[in-house]
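A.B. asks: Residue numbers (the working numbering), protein chains in the order written: chain A, 19 to 151; chain B, 2 to 320.
Calculated from the structure, these hints are not laboratory results. All C-beta atoms, glycine included, are put in the ideal place defined by N, C-alpha and C. One should not assume that every hint holds.
Unchecked claim - Result set (DSSO-like, lysine-lysine): computed pairs, CA atoms no more than 27 Å apart in a straight line:
id	chain 1	residue 1	chain 2	residue 2
1	B	Lys-290	B	Lys-305
2	B	Lys-276	B	Lys-304
3	A	Lys-22	B	Lys-219
4	A	Lys-122	A	Lys-100
5	B	Lys-219	B	Lys-208
6	B	Lys-219	A	Lys-100
7	B	Lys-276	B	Lys-219
8	A	Lys-100	B	Lys-260
9	B	Lys-290	B	Lys-304
Said to hold, decoys possible - Residues on chain B that point at chain A, a partial pick, calculated with CB under 8 Å:
id	residue
10	Ala-21
11	Ala-93
12	Leu-291
Chain residues, written in single-letter form:
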Amino acid sequence: MNRKIRILIGKPGLDGHDRGAKYIARALRDAGMEVVYTGIRQTPEAIADAAIQEDVDFVGISLLSGAHNHLFPEVARILREKDASDIILFGGGVIPEEDIPGLKEAGYSAIFTPGTPAAEVVEFINDQMEKRQ
Amino acid sequence: MLSTTDIISGITKGSIRAVARALSKVENGTPDAIDLLDAIFASQRGFTIGVTGPPGAGKSTLVNRMITRYRNSGNSVGVIAVDPSSPFTGGALLGDRIRMQSHATDSKVFIRSMGSRGHLGGLSGATRDASIVLSAAGYTPVIIETVGVGQAEVEVAGLADITLLVLVPGLGDDVQSMKAGIMEIGDIIVLNKSDRSGIDQLENYVKASLDLMPAGLKRPEVVRVSAANGEGLEDLWGAVDRLSATHSEKDKILRSAVKTMNQILQENGILFSEKLLELEYNGRETVEKLILAGRLTPYAVGKKLLERAERMFEHNGSK
């Protein structure tokens, strides 16, 4: 057996600021994970479809435009609809504290705001994998 | 959780989730992966196209064009895109989808990114089995994009029915194209970025090098394209179709079955050797220590294992 943790990092919506997404992708790669990066300006459908084809364990979504309350739940909804609610979701970006409970309600296990050390994201992923086994 | 039986029937019905799970099983080498491959092997339908070339040659952009081409003729298309895994952490950044975004929500296009996971040769250890899964699920063609290759990663040619070698101007002088290896594996040599300066020179080098090919080898076609702006693509598709027409689908699958068997024999050889190592030396780690300590040579190990195997065969009766 040669199992690797697989993660998709996606950027929905219209903002093109993908430095955060790339930073996290790189950090997860260096933690020994396989990271599929899909690029900027993805629709929620495109992210969900890619996650299913790639059979990832996690989907991480980065957004800085402020449309998270719409786009984050949308990805979760499509994954549920396509019978893929076992994929663990997390998000990151400029997200006000008061929006976080709603996003967790929508199916996100963690939301990381600016300044979060990459090690914290790695730890979150390892914890979730352990819980799953 | 899908059972192996669910996955097998799902693949032949074209269920995306089942195909995705099957690909993970072959990639991770789960115990039921062999049974799964055995069950679907005969359902393969299509042919495979390998796309290889140095990093930055435009392989993903060309694959993106190729997807459009086959989608326009009504085919479902499978893509396996291999990117390198870190030899130190085992991690990988798989970014080939970025250039294939125009097909992101097309349910008839299945793109799977794979890390090479320590496998050398331009592919991952599971690429062949993954292409069998996609083919059995009705994706035809299955396009295999290798990692960016150097001079000797020629494995894709042994796997694909048609191999495209993508080259671009500016990668070196004519001595590079004289070296054995990568230049010999393309059924078609694609000279990409035809809008760049240096393209004439590249074509001259490549053609001059092909002129010196030993008699009896099939000379590859050379096609100039710009994958980015679409120039020359019709010529390329023509060349691909001419090659693909020389074998029937059935023929290709049977030929690939023989190749697959030969590869499986090699893989089994490694597995048997591991078992023999276990019996003879308590496993690889111990024998590695002995070699590092200078107490054994690699040849002595090989000989000892063969002797052990022979004794075992004699003991059990060879007939």
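A.B. asks: Hint by hint, say whether it matches the structure.
C.D. replies: Outcome of the hint check:
1. B:Lys-290 to B:Lys-305: Holds. B:Lys-290 to B:Lys-305 sits at ~16 Å (cutoff 27 Å).
2. B:Lys-276 to B:Lys-304: With a Cα-Cα distance of about 15 Å, the restraint between B:Lys-276 and B:Lys-304 holds, given a limit of 27 Å.
3. A:Lys-22 to B:Lys-219: 41 Å, violated
4. A:Lys-122 to A:Lys-100: Status holds; Cα separation ~20 Å.
5. B:Lys-219 to B:Lys-208: 14 Å, holds
6. B:Lys-219 to A:Lys-100: Given pair B:Lys-219, A:Lys-100 is violated - Cα atoms ~48 Å apart, limit 27 Å.
7. B:Lys-276 to B:Lys-219: 41 Å, violated
8. A:Lys-100 to B:Lys-260: Not satisfied, since the Cα-Cα distance of roughly 37 Å exceeds 27 Å.
9. B:Lys-290 to B:Lys-304: 18 Å, holds
10. Ala-21: 4 Å, holds
11. Ala-93: 5 Å, holds
12. Leu-291: Result: violated, 26 Å to nearest chain A Cβ.
Hint compliance for this structure: hints 3, 6, 7, 8, 12 are broken, all remaining hints hold.
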